[in-house]
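One-letter residues, chain by chain:
Protein chains: 2
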Amino acid sequence: MNKSAPHFESKSSWTAAVLVIGDEILSGRTQDTNVNYIARFLGLRGIDLKEARMVADVEGEIVAALNALRGTYDFIITTGGIGPTHDDITADAIAATFGVGIGYHPEAYALLEARYPPGEFNEMRKRMARVPHGATLVRNSISAAPGFHIGNVFVLAGVPAIARAMLEALDGVLPRGVAVHAITIGGEIAEGQVAAGLAAIQKAHPDVAIGSYPYYRADGGYGVQLVARSRDAAAVEAAAHAIEALLQTFGVAPQRVNPAVQRD
Amino acid sequence: MNKSAPHFESKSSWTAAVLVIGDEILSGRTQDTNVNYIARFLGLRGIDLKEARMVADVEGEIVAALNALRGTYDFIITTGGIGPTHDDITADAIAATFGVGIGYHPEAYALLEARYPPGEFNEMRKRMARVPHGATLVRNSISAAPGFHIGNVFVLAGVPAIARAMLEALDGVLPRGVAVHAITIGGEIAEGQVAAGLAAIQKAHPDVAIGSYPYYRADGGYGVQLVARSRDAAAVEAAAHAIEALLQTFGVAPQRVNPAVQRD
Chain A
109 MNKSAPHFES KSSWTAAVLV IGDEILSGRT QDTNVNYIAR FLGLRGIDLK EARMVADVEG
169 EIVAALNALR GTYDFIITTG GIGPTHDDIT ADAIAATFGV GIGYHPEAYA LLEARYPPGE
229 FNEMRKRMAR VPHGATLVRN SISAAPGFHI GNVFVLAGVP AIARAMLEAL DGVLPRGVAV
289 HAITIGGEIA EGQVAAGLAA IQKAHPDVAI GSYPYYRADG GYGVQLVARS RDAAAVEAAA
349 HAIEALLQTF GVAPQRVNPA VQRD
Chain B
109 MNKSAPHFES KSSWTAAVLV IGDEILSGRT QDTNVNYIAR FLGLRGIDLK EARMVADVEG
169 EIVAALNALR GTYDFIITTG GIGPTHDDIT ADAIAATFGV GIGYHPEAYA LLEARYPPGE
229 FNEMRKRMAR VPHGATLVRN SISAAPGFHI GNVFVLAGVP AIARAMLEAL DGVLPRGVAV
289 HAITIGGEIA EGQVAAGLAA IQKAHPDVAI GSYPYYRADG GYGVQLVARS RDAAAVEAAA
349 HAIEALLQTF GVAPQRVNPA VQRD
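In the order they appear, the protein sequences are chains A and B. For my numbering, count along the first sequence from 1 and bump the result up by 108. For my numbering, count along the second sequence from 1 and bump the result up by 108.
No false leads were slipped in.
In silico SDA-like links for lysine to any residue, alpha-carbon gap of 25 Å or less:
| id | chain 1 | residue 1 | chain 2 | residue 2 |
| --- | --- | --- | --- | --- |
| 1 | B | K158 | B | A287 |
| 2 | B | K234 | A | P314 |
| 3 | A | K158 | A | I293 |
| 4 | B | K119 | B | G179 |
| 5 | B | K119 | B | L152 |
| 6 | B | K119 | B | H313 |
| 7 | A | K234 | A | P268 |
| 8 | B | K234 | A | V360 |
| 9 | A | K234 | B | G305 |
| 10 | A | K234 | B | F358 |
| 11 | B | K311 | A | R238 |
| 12 | A | K311 | B | R238 |
| 13 | B | K311 | A | E169 |
| 14 | A | K158 | A | A290 |
| 15 | B | K311 | A | V171 |
| 16 | A | K158 | A | T180 |
| 17 | B | K234 | A | G328 |
| 18 | B | K311 | A | E228 |
| 19 | B | K311 | A | E231 |
| 20 | A | K234 | A | I250 |
| 21 | A | K234 | B | A298 |
| 22 | A | K158 | B | T180 |
| 23 | A | K158 | A | A307 |
| 24 | B | K234 | A | A298 |
| 25 | A | K234 | A | G209 |
| 26 | B | K234 | A | Y324 |
| 27 | A | K158 | B | E169 |
| 28 | B | K158 | B | I293 |
| 29 | B | K234 | A | G331 |
| 30 | A | K158 | B | A176 |
| 31 | A | K311 | A | F358 |
Hint data in this document are derived by calculation from the structure and do not stem from the laboratory. Bear in mind the structure is a predicted one, so any value in this text is a computation, not a measurement.
When you get a sec, could you build the whole thing from the sequences and use the hints?
This is the structure:
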């Protein structure tokens with residue numbers, strides 16, 4: 109646990125939002141994968157991702173989104189905009205959000221300086237050592253350029269491999285709650301056939317969130333995946349049994365699905 | 109042009125936001141691909157995607173996001189939550205947002221009724237015919253269940269293939285502006301080396317948005333993709349020439365990149 113880590117109290121569930129920063133996401137150049145990865149990472153740690161937003165490289169947009177999100181959720185994770193180029197403005201936007209100054213962080217400066225051959229630590233690369241006053245660095249195993257966190261905002265790189273390494277580095281800093289337990293059951297049936305039964309199961313299991321996700325295969329086959337989620341593993345299991353029994357009333361063999369191979 | 113289409117005036121650029129609705133996105137179960145597809149679709153039509161948000165299947169969250177977005181941007185596209193199951197609440201949330209009633213749309217009802225064998229158009233499937241009063245249907249080539257639009261909000265399915273078909277169906281309804289022209293130039297050089305020159309090019313070409321996106325290959329190779337974007341094709345070409353000249357000063361061969369094969 110980093111001694112400058114925010115002081116999270118102890119509770120069973122936490123709320124978070126992700127703010128994806130970058131023109132490349134909104135132009136369609138880049139398919140974001142960070143939200144999905146962060147969602148899974150947080151879920152395993154009992155943190156509920158409640159909202160995600162994607163904004164352009166425009167300081168006013170970033171500040172407005174951060175101000176809306178940081179007062180609503182326990183913490184915010186941002187991705188993108190911390191590189192060396194002119195369009196990397198996340199650190200400045202965070203400083204503006206918190207009303208603090210920004211400058212070279214000695215540790216970040218030293219890390220980066222050591223990374224480059226003599227003479228190659230140029231003014232633009234030094235931008236990556238600029239961190240809002242009062243922020244704590246988030247180092248990572250891939251690049252010398254660190255992320256940082258200040259207040260309840262955690263600032264990661266946009267490049268997925270680096271964002272993931274920074275997330276790992278935050279494992280002792282972010283709070284932990286009780287992980288959400290999920291069971292996914294697949295069946296080769298149209299969701300409209302099981303919808304009424306599923307609604308009854310949802311009503312009978314109000315503390316379990318039940319979702320229904322149809323899929324359509326290229327060969328014309330189709331089916332539905334039914335997901336039961338709750339922090340109460342026994343409650344999820346009970347709802348899952350009810351879902352399996354529902355599918356069987358239609359003569360459909362229910363199959364528990366490995367979340368890692370779920371269909372769209 | 110649908111006669112009930114919203115009356116968009118004529119202008120060269122439009123702004124839009126996407127609202128992705130669904131627990132499955134925020135739990136990490138499903139990797140969203142609709143934002144990226146919609147971003148590209150809109151870009152080709154001169155519409156700037158300015159923001160995207162992802163919220164859960166919670167009516168209050170959907171209404172709050174819609175109210176924030178629909179007053180800010182020319183129009184909003186939503187995905188998800190229009191199926192037959194209990195967790196499909198988008199139509200109700202849209203009705204609440206606009207303060208209108210909701211009920212079976214005769215055309216949607218007839219489309220769906222014709223789709224199912226006698227006796228199989230059950231109460232839950234009829235939910236897919238429920239549309240806010242005053243909305244216009246968005247039919248699609250894949251499923252009988254339509255999307256709809258009301259005011260400046262366009263409501264699509266979440267299943268990517270169906271969302272895409274609905275988007276195609278909106279081609280004559282959504283406004284068109286002047287498409288953004290983009291040139292992407294790749295070079296095998298660290299972005300920190302070209303960052304100062306790139307900042308100077310951005311300053312000299314203020315009407316062109318210049319972005320810098322580093323990449324790292326599994327074999328240890330790395331490089332940067334530099335993107336110039338503007339509605340003024342000549343201005344993009346001029347900025348692209350300046351970027352190519354910059355790379356050449358470092359002895360790097362610039363390569364124009366097909367946007368369809370851009371790296372992350």
